[in-house]
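Student: Following the hints, complete the assembly by docking chain B onto the known chain A.
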Amino acid sequence: MDQAAAVAIHRDLTRPVLETGRGFYMTLAALGTVMAWALFCWGYQVYHGLGVTGFNRPVFWGVYIANFIFWIGISHAGTLISAILRVTQAGWRRPITRCAEAITVLALMIGPMFILIDLGRSWLFYWVLPYPSERGLWPNFRSPLLWDVSCITTYLIGSLTYLYLPMIPDLALLRDSTPCRRWLYRTLALGWKGTPRQWHRLETAISVMAVLIIPIAVSVHTVVSWIFAMTLNPMWHSTIFAPYFVVGAIFSGIAILLLAMSILRKSARLEMYLRPVHFNNVGLLLLALSLIWLYFTIAEYVTTWYGDLPEEMAVFRYKLAGPLAPYFWGMVACCFLIPAPVLAFKKTRTIAGTTAAAALVVVGMWLERYVIVVGTLTHPRLAFNWRDYAPTWVELSIMAGAFAYFAFLYVLFTKLFPIISVWEWKAGLPSASPPRPSPGATLSHEPLPR
Amino acid sequence: MSPFPVRIIASFHDLPTVQQALADLEHQGIGRNQWELFSSQPVGVDENEKSFIARSALIGGILGAVGGGGLAAGTAVAMGLQTGGMPTVAYAPVGIIVFALGGLGAVIGTLISFFAEAGLARFPDPAEAEIGRRLSRGETVLSVSCQPHESPRVEKILKLRGAEVYLEA
Numbered sequence: 153m154d155q156a157a158a159v160a161i162h163r164d165l166t167r168p169v170l171e172t173g174r175g176f177y178m179t180l181a182a183l184g185t186v187m188a189w190a191l192f193c194w195g196y197q198v199y200h201g202l203g204v205t206g207f208n209r210p211v212f213w214g215v216y217i218a219n220f221i222f223w224i225g226i227s228h229a230g231t232l233i234s235a236i237l238r239v240t241q242a243g244w245r246r247p248i249t250r251c252a253e254a255i256t257v258l259a260l261m262i263g264p265m266f267i268l269i270d271l272g273r274s275w276l277f278y279w280v281l282p283y284p285s286e287r288g289l290w291p292n293f294r295s296p297l298l299w300d301v302s303c304i305t306t307y308l309i310g311s312l313t314y315l316y317l318p319m320i321p322d323l324a325l326l327r328d329s330t331p332c333r334r335w336l337y338r339t340l341a342l343g344w345k346g347t348p349r350q351w352h353r354l355e356t357a358i359s360v361m362a363v364l365i366i367p368i369a370v371s372v373h374t375v376v377s378w379i380f381a382m383t384l385n386p387m388w389h390s391t392i393f394a395p396y397f398v399v400g401a402i403f404s405g406i407a408i409l410l411l412a413m414s415i416l417r418k419s420a421r422l423e424m425y426l427r428p429v430h431f432n433n434v435g436l437l438l439l440a441l442s443l444i445w446l447y448f449t450i451a452e453y454v455t456t457w458y459g460d461l462p463e464e465m466a467v468f469r470y471k472l473a474g475p476l477a478p479y480f481w482g483m484v485a486c487c488f489l490i491p492a493p494v495l496a497f498k499k500t501r502t503i504a505g506t507t508a509a510a511a512l513v514v515v516g517m518w519l520e521r522y523v524i525v526v527g528t529l530t531h532p533r534l535a536f537n538w539r540d541y542a543p544t545w546v547e548l549s550i551m552a553g554a555f556a557y558f559a560f561l562y563v564l565f566t567k568l569f570p571i572i573s574v575w576e577w578k579a580g581l582p583s584a585s586p587p588r589p590s591p592g593a594t595l596s597h598e599p600l601p602r
Numbered sequence: 003m004s005p006f007p008v009r010i011i012a013s014f015h016d017l018p019t020v021q022q023a024l025a026d027l028e029h030q031g032i033g034r035n036q037w038e039l040f041s042s043q044p045v046g047v048d049e050n051e052k053s054f055i056a057r058s059a060l061i062g063g064i065l066g067a068v069g070g071g072g073l074a075a076g077t078a079v080a081m082g083l084q085t086g087g088m089p090t091v092a093y094a095p096v097g098i099i100v101f102a103l104g105g106l107g108a109v110i111g112t113l114i115s116f117f118a119e120a121g122l123a124r125f126p127d128p129a130e131a132e133i134g135r136r137l138s139r140g141e142t143v144l145s146v147s148c149q150p151h152e153s154p155r156v157e158k159i160l161k162l163r164g165a166e167v168y169l170e171a
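Chains as they are written, first to last, in our numbering: chain A, 153 to 602; chain B, 3 to 171.
If we strip away everything but chain A, and leave its shape as in the complex, we get (with noise of 0.2 angstroms):
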């Protein structure tokens, strides 16, 4: 690759980082008030207690748990994508790695939050660590309560070295390369200068944790659905909701990476390396995972359905028929009959079509978490406890200031770090290929030979 190639590169993809433009500060600003908001409905809740939401009895866990599971599985949109693309080989994950592994952090950062919310009171969370007390109480390992802190703990810090490892020789081109905020880039590049034996660590760290972090990221999915599934309440008791799961996380994952792509490509002005084809190529996994989620839907709900069970079915009517319809049929909609025909026709598998099927993807997913939550627990086996349930002003707020406190944390991240790698880039790049010489080649750690 000739010096040119690499300045234009160079420039191209630092220059989110450099530039700051008026619409940059207006977007934190808007999204800056809808946190404010709902940091206020937070304050509210803990004032006034839980008494402020929806929740009643047997009702406890209602939007904030279906934005837990939502959050949670959005995060297998970096981590699991990347490393699967990274493990395959497949040249084209360039421009999309990094931009999925920090929505990946991010969403892990947000879905957590919930369960705090959802606790009522919050600063009593550290009764589920493990730590000696005079009560002589310790968390009890029996409960998918604490399978989840142990799992999405480790999913956190895998995913956060998955992201940082792959950045450290961007942090070093911006240390040495850009004036503003140099003590950032020097501290977190950590002395990185670029020598062969680096690089063969670097590549070496990065394929262990991309085989790492697969297990790990199937193990948190599955571990959610478990605090579901390993209780006997209807519809819940599922042998399919492991999987089920994991195939929704990374569902609605792809989606939410294709609309953060789309939103990249015009607000960083990075149209020459977020093609279309990155557009078809994901559109297309998001097609494949629409298919393998309508299956599960189906093998879930056909099988309540012969079963025939009185306090299955009363779940599922309540769902398909009662007041949750529209949720389950937005769902379906948004799942399935949309996005499906869209990303099926080359014609309109394009950067607008793929948005938009994705944009619907997020919301069906939503509704999926919602009508999974929200089903079963109004409706327990015995029948004098069911109940109905509806979020309040509080929770709606809360969680919008969620969706606003991951777009402002993305978009802060945008502006600190290149959101496409730039060395990666370049060493993707067909001209790129002679920096691996040949066995025998000078650049070995053996003396050379006389």
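Keep in mind that the hints were calculated from the coordinates and are not lab data.
Treat the numbers as computed from the prediction; the structure is a model and nothing was measured.
Note that CB positions come from ideal geometry on N, CA and C, so glycine has one too.
Be careful, since some hints might not be right.
[Unchecked claim] Now the stretches of chain A that chain B is said to cover, found in silico as 3 or more residues with beta-carbon under 8 angstroms: (1) 296–304; (2) 350–358; (3) 398–405; (4) 520–530.
[Said to hold, decoys possible] Which chain A residues stay away from chain B? Per the calculated CB distances, all over 12 angstroms, these: (5) T172; (6) L364; (7) W538.
Tutor: Structure of chain B alone, referenced to chain A:
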């Protein structure tokens, strides 16, 4: 302290030229221990070179798994749960915690061994600021350490290969 008092830093526009320059230096008796290469893109190295990152991940994973198992089983025993005749230490939950903390140990093992092997998280050499600036311009930088009497010869070889050369005492 380095036995070579003079350091010559040269920047090249592409890596194949660096390879040619290195071959020339080799002919002139400048050994592998006298040069260091810096690149803003991955460069190939001898595939036989040992890295302990994968093994560290494995060791970290084993330690994490053992710790996780101990934590889950230990808290169950410490809590003294009434299990109605069932085992106090339940195997399935312990297995899940073993898996989760094993994964955590493997991640931490990978990270620590990467830092150690790549020589990161150490105080940076201030002399390398110029190297960094050149790397950011897409150049490949070669640093050659030599004796003062060798420096004109080294400089000439590098310049013949089109390098931009500067000396540093």
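Student: Each hint should be assessed against the structure and marked as holding or not.
Tutor: Results of checking the hints against the structure:
no.: 1; hint: 296–304; in the structure: holds (count 4)
no.: 2; hint: 350–358; in the structure: holds (count 8)
no.: 3; hint: 398–405; in the structure: violated (count 0)
no.: 4; hint: 520–530; in the structure: violated (count 0)
no.: 5; hint: T172; in the structure: holds, 20 angstroms
no.: 6; hint: L364; in the structure: violated, 5 angstroms
no.: 7; hint: W538; in the structure: holds, 30 angstroms
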